[in-house]
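Engineer: Single-letter residue listing:
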Amino acid sequence: MRRILAILLENEPGSLSRIVGLFSQRAFNIQSLTVAPTEDPSLSRITIATSGDDKVLEQIVKQVNKLIDVIKITDLTERSHVERELILIKVLAMNDKSRTEVKRITDIFRGSIIDIGKQVYTIQLTGDAEKLNAFVETLSNETEIIEAVRSGCVGIARGEKALRV
Amino acid sequence: MTTQQFTGAEMVVKALAALKVKQIFGYPGGTVLDIYDALFQQSDVEHILVRHEQAATHMADGFARATGEVGVVLATSGPGATNCITGIATAYMDSIPMVVLSGQVPTTLIGDDAFQETDIIGCSRPIVKHSFNCRNVEEIPNIIAKAFYIARTGRPGPVVIELPKDLLMPMSKGEFHIEIDVKMRSYNPSIKGHHKQIKKAVKALFEAKRLVVYSGGGIIIANASELLTELVEKLDAPITNTLMGLGGISGTHKNFIGMLGMHGSLEANKSMANADVILALGARFDDRVTNNVKKFCPDAKIIHVDIDPTSISKTINANIPIVGLLEEVLQQLLDELDATNFTPNKEERTSWWQQIQQWRDVNSISYVQEGEQIKPQRVIEAMYKITKGEAYVCSDVGQHQMFAAQYYPFAKPRQWINSGGLGTMGFGLPAAMGVKLAFPDSHVICVTGDGSIQMNIQELSTCLQYNLSVVIVSLNNRSLGMVRQWQDMVYGGRHSSSYMESLPDFVKLAEAYGHVGIQINHLDELDEKLTQAFNIKNRLVFVDVLVDEKEHVYPMQIRLGAIDEMWIKKGVKA
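Protein chains in written order, with the working numbering: chain F, 1 to 165; chain D, 1 to 574.
Please keep in mind that the hints were generated in silico from the structure rather than gathered at the bench. Note that the structure is a prediction, hence the values are computed from the model and not measured. Even glycine gets a Cβ: it sits at the ideal position worked out from N, Cα and C. Hints may be right or wrong, so weigh each one.
[Unchecked claim] Mimicking SDA-like on lysine to any residue, the simulated pairs with C-alpha atoms at most 20 Å apart in a straight line are:
(1) F/72 to F/158
(2) F/55 to D/125
(3) D/388 to D/535
(4) F/55 to D/316
(5) F/66 to D/389
[To be verified] Derived coverage of chain F by chain D (criterion: at least 3 residues anywhere in the stretch with Cβ under 8 Å from a Cβ of chain D; other residues may be distant):
(6) 1 to 13
(7) 49 to 60
Make the full structure from the sequences, and use the hints.
Structural biologist: In structure tokens form, the structure reads like this:
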């Protein structure tokens, strides 16, 4: 089962490598990982999308929590939450037909074209993983995908619940 | 008026002194020469020069295991640091408090593949509790204080500190400030057990008909053996210890049913398999205990107490998990038992103990001294008699380790020192040296074999330099006994690379290093010569005992079986 873990940790050199190392050392799976400092620059926040049964997840949460740098960890998927991912995708747009079609699909998915080349469009889209997958699939039926980059997901709990020191 | 300025090297030594460190173990080299220079010019901290950095880590480790204090290692960058890896991993697996100070090339050269540069923080990351890079001079003392705090609190473990050379040299100086009382927002080891869980546990203990207490190294680390003994007596429960937990309760206590696991006693493993409640204290259900986890103690409700939440429900699911310091939780359990006027049900206990007695009567920890050759078990028994069971026994890894665990009942915690988790051959001698340094007036034995002893034999030289009069008892079977045993039992008797076909003359070797060497070849001279060895004061004695090379360690769990499926002796199943 897919899970999204949010981790708040000291923004120290090497703290990210401890998280990544732990996952590989204990054969835990990482589907995506994003990291950046928070509004408090002494803290970093990591979002990891992972998968595993309850027993594996319990170990992941405990093992991450055990790392000295880690202040808090929460499994966002345990309760209602919002998750978003960003994709930048460069596609072939050589003639009117494909340009129109790419523009139309982008509009339907509420993405935006952020760069144009002689023969390519670069599109930005945010959403959850499922929406991004659908977008990529739809586009690929219409034109050739030159390059795509996904940010990995970030997430936050709905309502009053917050992950903070 | 300006405050006094210190170099980073001076700060390292001052910080160690402030943390009341008396001895550190190490080996000099390019990047740490400034620290060695600072050490030379003071007398608070004594440096013990080993002959190989691995031995420095084991020596610090043995010192830490015997005293409960943090063991400190100093090594240079590159090979000095990488030589520490095995010792760090050994300490990590057995939760031993250790701080390793490693040199590093100057910050300006980091990443350039400079001479003797290794990313020791990266290398050691999976085997440390935590590690620190130092990037400015004035943070050094507080990093060291933090490292000590992390190493010794919670579930203890090794901490590595990387010290780049430019921070240690006279060119960069700073003011010395150290805060011994460390507070960290990201690290607060929990202390007390959850009250509701304590109540649940006591209810389960009340209802237990076939209760077993299973205690591990956590009891030793927490100095909780008196509380444990009190609890066991109050519950009138049988108690088994893991290899790491031996000495947690006296090996001669009437409720003690021996070590459990792969080479544990039949009564220990049978009791576990038939228990309806298992009270696990500072133990981690590792694979050398459980055997096949799918068949593990099917009827048992498990109460698991540990300071480390990751140890709980890792391999075996706990029904009542309790996270907390053992000394606190044991006291809580005792108080709660008192509050509920606990007395064990006499009838049920009697029938449980009668059942256990039947398993005890099989006498699974036994051997037959037949033939001309000395049985290794007989040597351990002699050792026990001569030292009245009071020696520190530091073991290497292999058959001799199991024989020592089986045939030397330990009266007290911290008396039995061995690499249980990692199983590091070469651990025994340097560990014994660390213990001897801490307790110079006690008998300190290194039980070893012809394989293990050669993995850190160079330390005989260190022993001479610091007059560490350890008694080395080598059960010499001219082979790698445990490997050979597995080859006999599992690999059709094909002894692939398990012979030591060109052994040195250990007596001459000991003498060459300036020590006393004694060889024992016949049973009738065993007691006398061994007694003689223990009577030699202020000299290291190397006792080379030629033992029966065909002897196997029994009992032994049958692979993939349940915890109590065992070979009692060759070809005899329980």
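Engineer: Please flag the earlier hints that this structure goes against, numbers listed from lowest up.
Structural biologist: 2, 5
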